[in-house]
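Q: Sequences and hints are given; from them, build the entire structure.
Chains as they are written, first to last, in the working numbering: chain A, 1 to 368; chain B, 1 to 247; chain C, 1 to 316.
Among the hints, erroneous ones may be present.
Among chain C residues calculated to face chain B with C-beta under 8 Å, some are [unchecked claim]: (1) G29; (2) G131; (3) S134; (4) Q205; (5) E293; (6) L299; (7) E302.
Read the hints as simulated data drawn from the structure, not as lab findings.
Using N, Cα and C, we set each Cβ at its ideal position, and we do this for glycine too.
Read off the chains here:
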Amino acid sequence: MKRLLAFIRKEFYHVFRDKRTLLILFGLPVAQILLFGFALSSEVKNIGIAIQDNSHDIHSEKITRKIQSSDYFHVENPILDYKDVENRFKDGSIKCAVIFPLNFGSEMQRPGGAKIQVIADASDPNTATIVTNYLVAIVGDYQRELNPTAKLNYQIVPELRHLYNEQQNGSLNFIPGVIALIFMIVSTALTSVSVVREKELGTMEILLVSPFKPIMVLIAKAIPYLVLSLINFMLILFLSVYILHVEIKGSFLLLLAESILFIITCLSLGLLISNVTDSQQTAMLISMMGMMIPTLLLTGFMFPLESMPWIFQVVSHILPSRYYYTIVKAVMLKGLGFKFVWKETLILAGMAVFLLTIALKKFKIRLS
Amino acid sequence: MENKAIVCKDLTKQFGDFKAVDKISFEVSEGEIFGFLGANGAGKTTAMRILCGLSFPTSGEATVAGFDVYKQQEKIKKNIGYMSQKFSLYDNLTILENIEFYGGVYGVSRPEIKERSQDLVKTLGLEKEAKKLVGGLPLGWKQKLAFSVAVFHRPKIVFLDEPTGGVDPITRRQFWDMIYEASANGITVFVTTHYMDEAEYCNRISIMVDGRVEAIDSPAGLKNRFNTTSMDEVFYELARNAKRAAD
Amino acid sequence: MPSVTLNNITKKYGDFVAVDNVSFEVQKGELFGLIGPDGAGKTSIFRVLTTLLIAEEGTAIVEGHDVVKDFQEIRNKVGYMPGKFSLYQDLTVKENLNFFATIFGTTIEENYDLIKDIYDQIKPFNNRRAGKLSGGMKQKLALCCALIHKPEVLFLDEPTTGVDVVSRSEFWEMLDKLKKQQITIVVSTPYMDEAKLCDRIALIQNGKIMKVDQPQEIINSFPKPLFAAKAKNIYKLLKDLRTDTEIESCDAFGEFIHLTLKSETGNEETIKAIAEKYNPENFQVKKIQPTIEDSFIRLMREQNNSEEFKGASNGK
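A: Structural data, given as structure tokens:
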């Protein structure tokens with residue numbers, strides 16, 4: 001026991017004396033939270049738009065006013081001609097132009113209906129889609145006002161986020177994702193690098209040729225990063241609650257327990273990775289590419305799972321982060337209790353036990 | 001200055017307060033085999049980097065192959081060859097590919113590369129291995145090959161950084177045969193080594209201690225001066241009082 | 001019973017045979033040197049003996065335990081200093097020592113007398129990070145860490161490589177003192193001149209043991225008289241003598257050339273006569289005692305010739 005503690009103490013020395021590790025450990029979560037929280041809102045607001053009203057009838061003017069009063073748009077000067085549209089797209093002052101044709105109002109009564117031309121700057125397709133959807137929604141709104149009982153003959157497809165996000169608070173959604181990401185980095189990458197560093201330095205050889213049991217090496221390596229991950233976890237929650245004003249709806253203890261489960265999975269993955277390589281760089285690369293990128297792309301964090309090709313959906317089922325993400329969203333954001341997440345918890349627990357066992361068994365007690 | 005391969009005067013390299021190289025001055029003639037000795041930490045590597053055009057001195061002057069180390073670093077690099085114990089050739093390229101690469105880097109024309117690489121391979125007796133990966137060669141062969149590649153473009157000066165470290169005694173001597181050969185062909189050889197018997201093969205030697213050149217002379221001259229019969233003892237006398245080695 | 005035994009050990013990495021049918025013994029309390037250049041197989045042998053690698057063929061016993069079956073027993077009893085002085089660069093001298101002491105289930109105080117002489121030299125730097133020590137200091141610290149638990153056998157893999165000449169000789173003095181503690185010490189080194197400081201040595205090249213014996217015996221068993229010659233233009237003399245049919249071997253050794261004659265009889269006069277043919281300036285010659293390096297070179301040639309290895313040369 002005393003030996004295990006001495007080992008763990010050494011690991012903490014390593015962590016606190018290496019500026020780069022410290023940066024990753026504590027700088028990263030803070031940076032991510034702040035970044036996502038404030039800058040990277042995937043909502044769009046204050047989009048520059050220019051309107052050309054060639055008709056000036058009551059309908060076109062009402063629609064124009066609706067656009068002007070919307071928070072989403074910031075109406076710029078009317079456009080002069082198509083060349084003007086192009087120029088202003090290029091300098092970025094507008095992202096969208098709306099043109100009402102000559103007899104807009106009267107055309108509305110005709111069988112074909114009236115047309116509004118919408119030109120969107122699709123060099124950023126995401127924004128362009130969102131912008132055109134807004135406009136479509138605004139126009140659809142107006143149509144409903146005119147004719148409450150009429151059926152709309154086109155669809156509005158809002159983005160998942162907006163529908164879900166009544167509160168205008170873009171921050172919420174990404175916090176579970178950020179937490180999962182941080183655990184991946186700290187627990188997986190740093191653990192694997194820590195073990196491989198011993199191999200690179202040659203100290204692993206000395207550790208092996210000693211009375212200290214090899215398994216204890218792994219445990220001693222894992223524990224500091226377990227502790228550090230939990231500290232990080234608290235840090236993220238603290239920042240979320242007090243800086244981003246997000247409240248934790250569900251049980252904190254449940255969240256903690258699930259997080260420990262997930263951390264153990266990540267640690268085991270880190271230990272497994274350290275088995276397959278002798279170079280710190282490779283370990284870091286595998287952890288980043290192999291773990292982080294799927295976590296980013298395939299857990300539903302950045303992009304909705306449902307809209308992915310089925311093959312990716314299948315792959316996502318073997319990612320522990322996917323289950324953790326679902327659990328955290330449920331508990332933290334929706335305030336649900338254990339009985340809503342017992343299935344995911346079971347799968348996650350199963351993965352944790354499985355991976356940990358393999359990691360311990362596969363640890364090489366000799367050089368290859 | 002015309003036929004001096006290397007000239008340096010009060011050359012200094014400082015990192016903050018620490019003087020890695022402290023006002024060293026010496027000259028190396030063309031075609032000379034010059035041994036550049038010193039304990040680890042004495043400043044040898046730093047000095048060599050300056051002479052190879054890889055780093056700027058803090059103060060002092062130096063010219064290598066007639067080119068100034070401040071203003072003409074690129075010209076220096078074109079006119080020298082370099083080989084070290086740690087890295088010389090690419091393990092996952094074949095012998096011929098390595099020669100082709102380095103020849104090309106130094107601007108040797110393709111037809112010349114072709115012709116001379118055949119000669120090189122024949123001289124070393126490696127015809128059968130020419131298309132094999134360098135990584136599979138024993139260490140001794142690699143080092144000999146690396147030297148040949150370093151002088152392939154017929155540079156004026158070749159810098160060798162502990163080229164025979166860890167190599168077996170026969171190969172070591174074959175290596176020095178190659179050095180003699182190069183020197184006889186007019187290439188100046190600037191070599192560092194930890195083997196004191198190799199110091200004897202040099203025309204002149206300088207010994208660096210704590211960033212300064214403490215002795216510079218022919219091997220015989222140095223042994224005379226310190227009243228010893230072997231270079232080992234000369235080195236020991238000088239290195240013993242070094243502050244940096246004890247720190 | 002010997003402290004360390006190897007019986008027909010062969011270790012391969014894929015097709016490459018790193019250790020080729022190696023057998024030798026080390027007695028208790030002996031200072032045993034494994035002498036050979038890089039790639040000879042020294043590190044592989046060490047790793048087999050410290051149970052870090054399993055040999056494809058052969059058996060090895062350390063302090064009565066089999067390296068494969070009883071590996072944990074061996075790991076409890078030996079001290080190991082791998083190449084490159086594996087130390088924790090960002091821990092201080094004291095922290096490194098404390099850590100290794102604890103890992104081995106002991107304390108610095110318990111076996112202090114064993115490491116005292118060595119530790120005293122680095123004690124002034126107790127609070128300096130290991131990464132900031134000079135090569136010689138790292139070497140001493142690594143040795144302390146390997147000794148801290150009073151091992152029965154000490155395996156030191158190239159402990160003097162990359163270290164300045166003064167520290168190297170100090171290191172061997174320290175090893176000599178350790179012998180008195182009845183610790184078996186197995187050291188590897190590429191430096192031939194260090195060989196004579198050992199009780200017995202094994203000369204190894206290309207994975208094969210060429211000879212195992214006391215240094216002096218190896219020197220005594222040099223089969224022919226050895227001569228050292230010199231002249232004003234050493235290189236020319238070397239080239240000339242190589243072409244001579246009466247000269248068997250001819251190698252540069254610093255300011256001298258070491259040579260042997262093909263014939264069994266022959267002395268300085270014989271050599272002088274041969275050399276005169278080439279008109280050397282300031283020619284001198286004398287008979288000398290061979291060194292380990294002379295023996296190594298000769299044995300290497302025998303090994304090469306018997307394998308018809310392409311790169312063989314008689315110095316010619």
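Q: Verify the interface restraint on Q205/C: the C-beta must sit less than 8 Å from at least one C-beta of chain B.
A: holds (6 Å)
Q: Taking 8 Å as the limit, does the beta-carbon of G131/C come near enough to a beta-carbon in chain B?
A: violated (14 Å)
Q: Does S134/C pass the interface check with chain B, least Cβ-Cβ distance below 8 Å?
A: holds (6 Å)
Q: How about E293/C: closest beta carbon in chain B under 8 Å, or not?
A: holds (5 Å)
Q: Quick one, is the E302/C hint okay against chain B at 8 Å, beta carbons?
A: violated (12 Å)
Q: Going by Cβ atoms only, is G29/C closer than 8 Å to chain B?
A: violated (29 Å)
Q: Please check whether L299/C passes as an interface residue: C-beta within 8 Å of a C-beta belonging to chain B.
A: violated (10 Å)
Going down the numbered hints, you'll see the structure goes against 1, 2, 6, 7, while the others check out.
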